[in-house]
Amino acid sequence: VSTLVVAEHEGGFVKPSSLSALAAAEAIAKENKISVLLGGSGPALHKAADHAASSHPLVSEVLVADSEAFAHPLAEPWAELLRSVQQKRGYSHVIASSTSFGKNLLPRAAALLDVSPVTDVTAIKEPRVFVRPIYAGNAVCTVKYTGEDPCVMSIRSTSFSPTTEAMSETKVAPITQVDLSFLSEVGATRAAVDEGYVPNDLQVGQTGKIVAPELYMAFGVSGAIQHLAGMRDSKVIGAVNKDADAPIFQVADYGLVADLFEVLDELLKKIPGKK
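Position 203 of the sequence shown, counted from 1, bears residue number 203 in the numbering used here, the numbering being contiguous throughout.
Source of the hints: derived by calculation from the structure; they are not laboratory data. All clues given are correct.
Straight-line distance between alpha carbons at most 20 angstroms, and here's what the computed EDC-like set of lysine to aspartate or glutamate pairs gives: (1) 209 - 120; (2) 125 - 148; (3) 144 - 126; (4) 242 - 265; (5) 242 - 266; (6) 47 - 61; (7) 144 - 114; (8) 235 - 185; (9) 209 - 233; (10) 242 - 262.
Put together the whole structure using the sequences plus the hints.
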């Protein structure tokens, strides 16, 4: 068993979703070594490579594609890169998290490698036996990969917990550090769940929870169709977003074009007992 994890990074740190992919790789690799692939350019890339190297005891090497071509999450150049790396190294498994980047990259890379990908894995029973959701998450099934190497797979980041040491060095989404206890409930978009910032049970949307509260406050939510399907019946919708063209404003009763953290800071000052 030889495993390659395609990792994403930001600000010199491996993203939490990719640290979860490393945890999934451990379940496959057992005591075998894990390789990590990073791409981009500049000092932040090499800082992220150092973080990746120390993020898990089974990581034996970090492959760095230092080029502007990989500085952005564009699936086409990354798929070619992944094919080239696989042809030279011959990994048995290629793993990435089910983020927007992972969902765009892995099917293309799998097609170039002439294999079928296994998507949205939530549990690993054996190196080639996985559990994944079906029917929009309403059921789960166990699948066995019987194709040629590599087994190209994406994982649900919230199903695999990264090591505490790795997470302690990682920047967490600032919104999760804000005291939101003045709200009755807190929800999240699919993107926040995929990045590993919040658990699955907080997801609001077509594949998450359907909610209809008296007041729905959308901080930094763009308003994807899938998310709107889960909250459009709310009695009053308030939205804060820096993008004046964000779709959320089309359904919002009250909208404010502003930085959500500045708004939250001011809002918390107006609430007794909050800072």
